[in-house]
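Next come the chains, spelled out residue by residue.
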Amino acid sequence: MVETHLRFRDDEPVGDPAVTVDAFGDQTNASAVRLEPGDEARDLLPYLERLKLIEVNFPAYTDGRGYTSARVLREAGYTGELRAVGDVLVDQLAYMRRCGFDSFAPEHPLNAADAKAALARYAEVYQSTTDGRLPVWTKRHG
Amino acid sequence: MKILTGNDLQSGAVTWWDGATWSLHVEDSADVGEHGEDIAARENAARRVVSPYVIDAEQSPDGIRPAHIKERIRALGPTVRLDLSLKPADADAGMWVI
Amino acid sequence: MYQYDSYDQALVDARVADFRDQVRRRLDGSMSEEQFRPLRLMNGLYLQLHAYMLRVAVPYGTLSSAQMRMLGDIADKYDRGYGHFTTRQNIQYNWIKLDEAPDILADLASVEMHAIQTSGNCIRNTTSDQYAGAAADELVDPRPYAELIRQWSTFHPEFSYLPRKFKMAVIASETDRAAMRLHDIGVQIVRNAAGELGCAFYVGGGMGRTPMIAPLIREFVPLDQFITYSEACLRVYNRHGRRDNKYKARIKILVHEIGKEEYSRQVEEEFAHLLTQGIEPPTAELERIKAQFADPAFEAGASDALDRSDPDFALWIDNNCVTHKQPGYIAATISLKPVGGIPGDASSDQIRLMADLARDYSFDELRVTHAQNIVLPHVKKADLYTLWQALDVAGLGTANLDQVGDIIACPGLDYCSLANARSIPVAQKLSERLAPKQQEIGELKLKISGCINACGHHHAGHIGILGVDRKGVENYQLLLGGCEGADTSLGQITGPGFDEDGIVGAVERATDYYLAQRENGERFLDTYRRLGMTPFKEAIYAPNSVKNGEPANG
Chain A
0 MVETHLRFRD
10 DEPVGDPAVT
20 VDAFGDQTNA
30 SAVRLEPGDE
40 ARDLLPYLER
50 LKLIEVNFPA
60 YTDGRGYTSA
70 RVLREAGYTG
80 ELRAVGDVLV
90 DQLAYMRRCG
100 FDSFAPEHPL
110 NAADAKAALA
120 RYAEVYQSTT
130 DGRLPVWTKR
140 HG
Chain B
0 MKILTGNDLQ
10 SGAVTWWDGA
20 TWSLHVEDSA
30 DVGEHGEDIA
40 ARENAARRVV
50 SPYVIDAEQS
60 PDGIRPAHIK
70 ERIRALGPTV
80 RLDLSLKPAD
90 ADAGMWVI
Chain C
0 MYQYDSYDQA
10 LVDARVADFR
20 DQVRRRLDGS
30 MSEEQFRPLR
40 LMNGLYLQLH
50 AYMLRVAVPY
60 GTLSSAQMRM
70 LGDIADKYDR
80 GYGHFTTRQN
90 IQYNWIKLDE
100 APDILADLAS
110 VEMHAIQTSG
120 NCIRNTTSDQ
130 YAGAAADELV
140 DPRPYAELIR
150 QWSTFHPEFS
160 YLPRKFKMAV
170 IASETDRAAM
180 RLHDIGVQIV
190 RNAAGELGCA
200 FYVGGGMGRT
210 PMIAPLIREF
220 VPLDQFITYS
230 EACLRVYNRH
240 GRRDNKYKAR
250 IKILVHEIGK
260 EEYSRQVEEE
270 FAHLLTQGIE
280 PPTAELERIK
290 AQFADPAFEA
300 GASDALDRSD
310 PDFALWIDNN
320 CVTHKQPGYI
330 AATISLKPVG
340 GIPGDASSDQ
350 IRLMADLARD
360 YSFDELRVTH
370 AQNIVLPHVK
380 KADLYTLWQA
390 LDVAGLGTAN
400 LDQVGDIIAC
410 PGLDYCSLAN
420 ARSIPVAQKL
430 SERLAPKQQE
440 IGELKLKISG
450 CINACGHHHA
460 GHIGILGVDR
470 KGVENYQLLL
480 GGCEGADTSL
490 GQITGPGFDE
500 DGIVGAVERA
510 TDYYLAQREN
520 GERFLDTYRR
530 LGMTPFKEAI
540 YAPNSVKNGE
550 PANG
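Chains A, B and C, in that order, are what the protein sequence lines are.
Just so you know, numbering that gives the first Met the number 0 puts 84 at position 85 of the first sequence, and the rest follows in order with no gaps.
Just so you know, numbering that gives the first Met the number 0 puts 67 at position 68 of the second sequence, and the rest follows in order with no gaps.
Just so you know, numbering that gives the first Met the number 0 puts 54 at position 55 of the third sequence, and the rest follows in order with no gaps.
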C-alpha cells in the first residue's frame, strides 16, 4: 500500500491552497502558506495566530533548509499543521517529525509499511526538540 | 573506441561491458559506439551495474587500453598493492598503468 | 574511556537495522542509487575506484583493545587483510561488499563502534588531541566534550542535510595537536579571567580548494552553554550556507563571504533564542561522561629510569615518545610509516598485535592520530623496552615521528576515484630517498594529497605536495611553509610542477638547502620562515643543477 499523504493531527485538514510567502503578505484572509527553501521562516512569525497550515517545500531532499524552518516555527509557538511537501522519502520522516512536521505530502508515494517502520525505528533520541520526546540525557538524570 | 565501466551493485567489483554482460576484465570490453549512455541507463535500472560511465579507450598490442590513467588503475588494481590486483603474479603489471 | 549505556547501544543497534533495511530496499529495487547514495554515505559507505569503501568512526581517535581487535578481525572477515588509518582518526576498508555492510555494522555495534555520519553532508567524526588524558600541558581532558558533541551531533534531526560536510575538533591545550583551526568548528577549552572553564570557538577553517584558517568567533562560551552555541553555529550555516555550488558550500565560504563579525552576530542572535529552548544537556551529563575518562590506575612511584643501552631503542624513545603527566609513564607513538611503506596502512595481524600490546601495556587504550599513526597513551617506562621489541619485530618500530619519513598521504589515485594523481608511490619514494638523512633533518612534516580535496592536508605541511592531472599525466605541485599548530599557516606553491621522479628530486633539494642554511637548531619550517620562499625556490629550480646524478627538473 502506498501513502500519498501522512498526517498526525486530529483536526480537520485545511482546505485552502497554500499561497507563496510573497502573496501571503497581501492576503489578509489567507490561512495557508508555502515556504520555499530560500524563504525566511521568521518572516511568518507575526502571522502565526491566523495560520492553519504551513507547507515547507523540499524540491530536493538533500536541501535541508526546511528542517530549520520547521523547528524555528515550532520554537516560536506555531501549533497549526506543518506539512513537508516535495521530495520526501521514507528515510527523512523520523527527522522531519522531530523537527515538528506533523503531515507529509510527498511527491512520490511512500510505502506505508516502510513509513511506519521508519517512524518507529529509533526508540531513543540524543537531542531535545519541540516534539516532546525525552532526550537520553533527561532519561539518564531525570 | 568507447567502452563502458561500472561496479557490480552487490560486490562492488569493477566491471566492463563486454557486449552482452559485465566482465571483471577490461580486455573483454566491447566498443559501445554511440550507445553507451543507453546501455548504461538500462543496466543501471536493472541493477546489473551501479554508477556506469563511458570512457575512451584504444586497441593496443597489450589489449584494450583505457585512455586515462585513472581507468587503467581501475582496470588493474592499486599499483602499490599488486598482490591485490587482477594480476598479482605479474611484476610488471604496474607499468601498464603508466 | 566512554562506555555505552543501554541508550547508546540501542541507538547504534537501531541504526544497523535501519541500514540493513535500506540495503534490502536498494538491492530489491525499491530504492534507486540516487535515493540510496546519501543514505549509504551517512553510514560511511562509499563507492570507490575499485570497490565499496567503508569508513569506520573512531570517536576522537580513542579505541579500546577489544575495539582494535575487532577492527583487525573485520579486515580478515570482510576485507583483504588490512585497514587504512586516516587523517581524521578513522579507519577505512577498501574492499567491502554491499550486502555484507550491514553485518559489518552489526559486528562493530557489538564492540560499541559504528560508521555513523563518517560521510555525507552532516556532522562528521569529532577529532581531538592524540595525547588527551596523558599530556602534561592540557587544561583538562578534551574528550568528554568531544563525546558530548558526538552524542549531540548523532542523528541530529535538523543538521543531517547540510550544504556540505561538517568537521569539528576539540582541544584543551595551547599546543594544538589536532589542527583545530583547520576545521569547520574548532573548539579550544580555555580558562577565563575568573578561572572558569569554557570554550573558545573558531569557525570557518578548512582545506580543500580554498584553504582557510578559522577565525575566532567567540572567545568564551561557558561550559554549560557550549552545545547550545554549537547548535546556533550550525543553524546559521544550515540556513545560509551556499547550496548552489558544491565547491563553495562549506562554512568557511559563508564566514569568509559575510565576514566573521556578521557571522558571529547572527550566531549570537540564534544563540540567545536557543538558550530559551532548553536544549543543553545538564551538567550532570557532562559529569557522568567525565567520570568515564578518569585516569587509569597509574602505579604511584613507578620508575622514571630507562635503559638506553640499545641504540635503536634509544632513538625510538627520543623520536616517538613524549613526556606523560604521570611520572614513570610515557605516551608512545607506533609509526605506521615504515621506510618505503604505505602511510597509515596496517595488516590485520599488526592491528591485533597493537590491540594486545595496548591491553598489556597501555591500560587497554589506543589512539589514532590525524597523522595516521597509533599512540599507546599510558605506557609504564619499565615496560617500554619489551613493548618496543614487540613492535620492532612486527615492522611497527620505526623511529620517525614528525620526521620526513612520517609522511601523511591520502590514498590517492591508487584507491580514490576523486584523485588526480597517485600519492602513495611518491610517499614511498620520498621515504626511501630521504631515510639516510632523516635524523639529521629532524622535524619535517611532509604531507601529500592526490587532489585538491586535500585529504592529505598538504596545505598544512612544512612541505606539501599536491597531485594534479596535467593532460592525463600525473604531475605534482610543491608547497612550502604550511603549519597546523597554534601558529597555523598555509603552504605556498613554489612554482611549476614536477613529474613523479622530479618531485622527489625537488623535495630533496629543498631539504638539502635547509641543511646548508639552518642556524641554531632551526627546524625546516623555522629556516623557511626566516629566509622566505625566494632562496628555496632558487635551490629547487636551479637551472642545470645536477644533484645525485639527476638534472634539476627531471
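Don't take each hint at face value.
Per the computed footprint, the stretches of chain A lying under chain C, defined by three or more beta-carbons under 8 angstroms from a beta-carbon of chain C, are [as the list claims (entries may be wrong)]:
(1) 11-21
(2) 25-33
Selected chain A positions facing chain C (in silico; Cβ < 7 angstroms) [stated by the list, open to error]:
(3) His-4
(4) Phe-7
(5) Arg-70
(6) Glu-74
(7) Asp-90
(8) Tyr-94
(9) Arg-97
(10) Cys-98
(11) Val-135
Please keep in mind that the hints were generated in silico from the structure rather than gathered at the bench.
Glycine included, C-beta positions come from ideal geometry on N, C-alpha and C.
Status of the hints after comparison with the structure:
{"no.": "1", "hint": "11-21", "in the structure": "violated (count 0)"}
{"no.": "2", "hint": "25-33", "in the structure": "violated (count 0)"}
{"no.": "3", "hint": "His-4", "in the structure": "20 angstroms, violated"}
{"no.": "4", "hint": "Phe-7", "in the structure": "15 angstroms, violated"}
{"no.": "5", "hint": "Arg-70", "in the structure": "6 angstroms, holds"}
{"no.": "6", "hint": "Glu-74", "in the structure": "6 angstroms, holds"}
{"no.": "7", "hint": "Asp-90", "in the structure": "6 angstroms, holds"}
{"no.": "8", "hint": "Tyr-94", "in the structure": "4 angstroms, holds"}
{"no.": "9", "hint": "Arg-97", "in the structure": "4 angstroms, holds"}
{"no.": "10", "hint": "Cys-98", "in the structure": "5 angstroms, holds"}
{"no.": "11", "hint": "Val-135", "in the structure": "4 angstroms, holds"}
Checked against the numbered hints listed earlier, the structure breaks hints 1, 2, 3, 4; every other hint is satisfied.
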